[in-house]
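Using the sequences provided together with the hints, build the complete structure.
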Amino acid sequence: MRAMTCEKLCTRQYKASTEPAYDFLRNAIILQYSHHWVVDNLPVTVCLTSEDQKRYCSASIPLGCFGETRDLSNSLCGAFTRSKNEVYLLNHAKLKIYYHPVQDSWSWPDSIRIVGVVVEPQSIAHPKDAADCALTTPLVLPVHLDSELSITYSYSVTYEASNIKWASRWDYILESMPQSNIQWLSILNSVVLVLFLSGLVATILLRTLRRDIARYSQLENSSEVQEESGWKLVHGDVFRPPSWGMLLSVFLGSGSQLLLMVVVTLFFACLGFLSPANRGALMTCALAMYACSGTIAGYVAARMYKFLGGLRWKTNVLLTATVCPAVVFTIVFILNLALWILRSANALPFGTIVALLALWFGVSLPLCFIGAFFGFKKSAIEVPVRTNQIPRQIPFLTAYGRPTVTFFLGGLLPFSCIFIQLFFIFNSIWGTQFYFMFGLLFLVFLMLVITCSETAILLCYFQLCSEDYRWWWKAFHCGAGTSFYLFIYSLHYFISRLEFRDAISGFLYFGYISIIVWLSFLLTGSIGFFACLWFIRRIYAVVKVD
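Read in the working numbering, the sequence shown has 527 at position 518, and its numbers run on one by one without any break.
Honestly, the hints are just simulated from the structure, not real lab data. Where a beta carbon is used, it is the ideal one built from N, C-alpha and C, also for glycine. One or more of the hints may lead you astray.
Cβ pair distances, simulated, as ranges [claimed, not checked]:
id, residue 1, residue 2, range
1, Arg547, Ala389, 13 to 21 Å
2, Ala25, Thr58, 40 to 48 Å
3, Ile524, Ser252, 22 to 30 Å
4, Val363, Gly520, 15 to 23 Å
5, Gly289, Pro412, 39 to 47 Å
Set out below in structure tokens:
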């Protein structure tokens, strides 16, 4: 370890001929661009102390300071900011590295472990081709270059021993995140509200069903049968295959694959294998699980397609393996093409795209065919009642029986149990925060599954009571309605929280949001459908049908 004081890193000359590059640097500061540094797989942070002596650390290191900003960069530059229109470049990095001596018998002598890296960015107007950190004059970037401008970048490094253990080196970062100080009472209230509503729905449904089943069981003569009404009357049509059965089975197979991927990924995240310390581990695990769960997609799609009486099994398997990832890949390719045109560093390399395609066609697609093979070999799903040859006439639909109404109503309650977590998830994706409360997220996801299932069952029951047996797609739409509210929330987040000043940023945002909404549509729709399928098979199995 060797401490360094005011070491020169490099010098960049800006002339009138290079004004576009200079304008890019100045505009980047105005747009609040920031650095993200990593040392020993640990983010370098900027730490400030608030008025209540609370230490706040951020992994976002501002590129510079602009007088109109009201964030971390404004706090750093408040001591020398003279005008709200001036732009300052933070060209000096004062690094402090905290280390913990290693005392293990199997380690090298004098070994250390880095347990923290903090930087204090400063703005210093160094003399030309030299570094003088004793100067207190900040480096101001003028609007236009009237003469040559020399910018020297420098750094200082100091070391400090710390009692922080290696296993706890992320604590000071995570404890300063807003998630640690979240209003737990508000989350508890939301949990209690969702559980109460779920219990209310389940209680009403069970009591109503018990009364209906008892009434149907007591009807003995034919005259009483003619007077009965409700869901029993459509027993001869309730399992009539719907239109677009091929597409429905494809959606259900893809949704089952996504469900398995989410459950396994969240499970490993709860165990700590996918913590923020392992950069990129969460996305890697999700992609690997999606590819390896192609068998589930093929099996479920094949079983459902055979249940619906489909015959074109090859088309079904091919669509199941390609529809969902093809939509995602098309959106990603368009976004990446825009980044390539702009020569952005965030663009995916060509090799990464080839690797993703190889994972898709080399792993997911063959597994999907294997799952479909076993799915079609299984006997068709049995139903408790026979389907009539002549379809029953459907009466006039009530308001809650219309597809648009069930779509909007079905997604409202499930969305109410996840919107709080969405705020912090969006902050971790589009902001500078770290998301690490995967245990709570797993609990919220279970609540989403429960409420989505119960809401879909309740709406399907009301539909059958109105003697409308076309429940297949409506059951899917009941659960998929959550994706609509997810899109509305993302639109609200974009307007209220983000300050994109260029069109490409908004284009990228809504491109990625469209992927999330599409996957949510398949996931929640499949949950609602399978819940309704289980419910309908159960209720028609316990009543006597003449």
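Hint check:
1. Arg547 / Ala389: 13 to 21 Å: At roughly 18 Å between Cβ atoms, Ala389 and Arg547 fall inside 13 to 21 Å, so the hint holds.
2. Ala25 / Thr58: 40 to 48 Å: holds, 43 Å
3. Ile524 / Ser252: 22 to 30 Å: holds, 28 Å
4. Val363 / Gly520: 15 to 23 Å: Because 21 Å falls inside the window, the suggested range holds.
5. Gly289 / Pro412: 39 to 47 Å: Taking Cβ atoms as reference, Gly289 and Pro412 lie about 41 Å apart, which means the hint holds.
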